[in-house]
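Trainee: Start from the sequences and build out the full structure, keeping to the hints where you can.
Residue numbers (the working numbering): 1 to 282.
Worth flagging that the hints you see were computed from the coordinates, not collected in a lab.
All C-beta atoms in this analysis are idealised placements derived from N, C-alpha and C, irrespective of residue type, glycine included.
Hints should not be assumed to be uniformly reliable.
[Stated by the list, open to error] With a cut-off of at most 25 Å between alpha-carbon atoms, the simulated DSS-like pairs for lysine-lysine come out as follows: (1) Lys57 to Lys69; (2) Lys277 to Lys176; (3) Lys279 to Lys206; (4) Lys277 to Lys63.
[Unchecked claim] Derived Cβ-Cβ restraints for the label pairs, each shown as a range: (5) Ser81 to Thr32: 13 to 23 Å; (6) Glu155 to Pro232: 26 to 36 Å; (7) Arg102 to Glu147: 31 to 41 Å; (8) Thr33 to Asp60: 19 to 29 Å; (9) Gly87 to Lys279: 46 to 56 Å; (10) Asp75 to Ala263: 34 to 44 Å; (11) Phe220 to Met89: 16 to 26 Å; (12) Val267 to Leu49: 37 to 47 Å; (13) Lys57 to Arg108: 12 to 22 Å; (14) Asp60 to Ser151: 19 to 29 Å; (15) Thr32 to Leu156: 12 to 22 Å; (16) Arg71 to Phe146: 42 to 52 Å; (17) Phe157 to Thr91: 40 to 50 Å.
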Amino acid sequence: MKKFAIILAVLAGWLCSGIASAQAPDTLFISTTQVAHLRFASELKYVNLGNKAIVAKIVDGSKDYVAVKAREPFDICTSMSCLESTGIMHTFLVAYREHPSRLDIDTRGTAASPEAPAPGEAASPFSFSSPSYADGGPSASSPIEFESLVSMKPELFHLGTSGYGIDILCENIFYKDDVLFLLISLKNGSAVSYALSDPRFSVESKRRTKRGLQYEKAIFPKQAYGLGVVQPDATGKMVFTFDKVSLTRGQVFRIYFYERGGARNFVLMLGMNDVNKAKRLN
1 MKKFAIILAV
11 LAGWLCSGIA
21 SAQAPDTLFI
31 STTQVAHLRF
41 ASELKYVNLG
51 NKAIVAKIVD
61 GSKDYVAVKA
71 REPFDICTSM
81 SCLESTGIMH
91 TFLVAYREHP
101 SRLDIDTRGT
111 AASPEAPAPG
121 EAASPFSFSS
131 PSYADGGPSA
141 SSPIEFESLV
151 SMKPELFHLG
161 TSGYGIDILC
171 ENIFYKDDVL
181 FLLISLKNGS
191 AVSYALSDPR
201 FSVESKRRTK
211 RGLQYEKAIF
221 PKQAYGLGVV
231 QPDATGKMVF
241 TFDKVSLTRG
251 QVFRIYFYER
261 GGARNFVLML
271 GMNDVNKAKR
281 LN
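Mentor: Here is the structure:
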């Protein structure tokens, strides 16, 4: 019996080690400086943390998201359990890593990884996907084609972020029939393809405190087009639509971009005037 307990302890330590991370898909790596977000298929009714070194919060305005980070570095293997309203229980092994490779985890099912082009086949600059957010496709009141949107000339040049050879720019913001359109480009100047995961959108307080954000509300797009893979030396275009968004003084609209299977993550910030005073199309 004692020997069996020792074996279990060794196995638990092995699963939480960095060597075993590729073999333990249910291991959640968190840090003190970055927030990981988990998405579930239904509203969460219960979240339990195995250790006080972890802090978690169900995202306001979106009961199917939970945000997780570490209070302080820890060297133990612990756990986190989440119960959905449907009765499904999720349990994750939790380990500390200063720079987690993934900050967005979708428990509803993992999309297939982007495939490389076959030998001799020309890779398109951007692999377009169908709308990532199910809302019945483009609304009848806003019959604007994706091709016409991405062909629009950039009108904004001050809203962007860059790093790792990647440049992300919000080229256009406008309203049509109280639907907010964001047109975003991603230029890949690196030598490695950039695979986009679903971005996260949030209205937040502009200033951050040591305890985090004073205000945070998740925003979900009606449609999302253009998510896919941007090849090296190519530029991809993305379009996101939202129900009307209005910011108050001290609030900003932040977009969190995550690399699928990588750590090249970015944050794009839109100010109050950028959103509230966006032009309107007839």
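Trainee: Does the Cβ pair Thr32, Leu156 satisfy 12 to 22 Å?
Mentor: Because 34 Å falls outside the window, the suggested range is violated.
Trainee: For the range 31 to 41 Å, tell me whether the beta carbons of Arg102 and Glu147 fit it or not.
Mentor: 32 Å, holds
Trainee: Taking 13 to 23 Å as the stated bounds, is the beta-carbon spacing between Ser81 and Thr32 within them?
Mentor: 22 Å, holds
Trainee: Taking 34 to 44 Å as the stated bounds, is the beta-carbon spacing between Asp75 and Ala263 within them?
Mentor: Hint violated: Cβ distance 21 Å, outside 34 to 44 Å.
Trainee: With the threshold set at 25 Å, check whether the alpha-carbon distance from Lys277 to Lys63 stays at or below it.
Mentor: 30 Å, violated
Trainee: Do the beta carbons of Thr33 and Asp60 sit within 19 to 29 Å of each other?
Mentor: This hint holds: roughly 22 Å between Cβ atoms.
Trainee: Tell me if the beta carbons of Lys57 and Arg108 are separated by a distance inside 12 to 22 Å.
Mentor: 20 Å, holds
Trainee: For a C-alpha distance cap of 25 Å, please report whether Lys57 and Lys69 respect it.
Mentor: Judged against 25 Å, a Cα distance of about 9 Å means the pair holds.
Trainee: Evaluate the given range 40 to 50 Å for the C-beta pair formed by Phe157 and Thr91.
Mentor: 47 Å, holds
Trainee: Hey, Lys277 versus Lys176, does the alpha-carbon distance stay inside 25 Å?
Mentor: 13 Å, holds
Trainee: Cβ-Cβ distance between Glu155 and Pro232: within 26 to 36 Å?
Mentor: 27 Å, holds
Trainee: The hint says 42 to 52 Å between Arg71 and Phe146; measuring C-beta to C-beta, is that right?
Mentor: With Cβ atoms ~43 Å apart, the hint holds.
Taken one by one, the earlier hints fail for this structure at numbers 4, 10, 12, 14 and 15, listed in ascending order.
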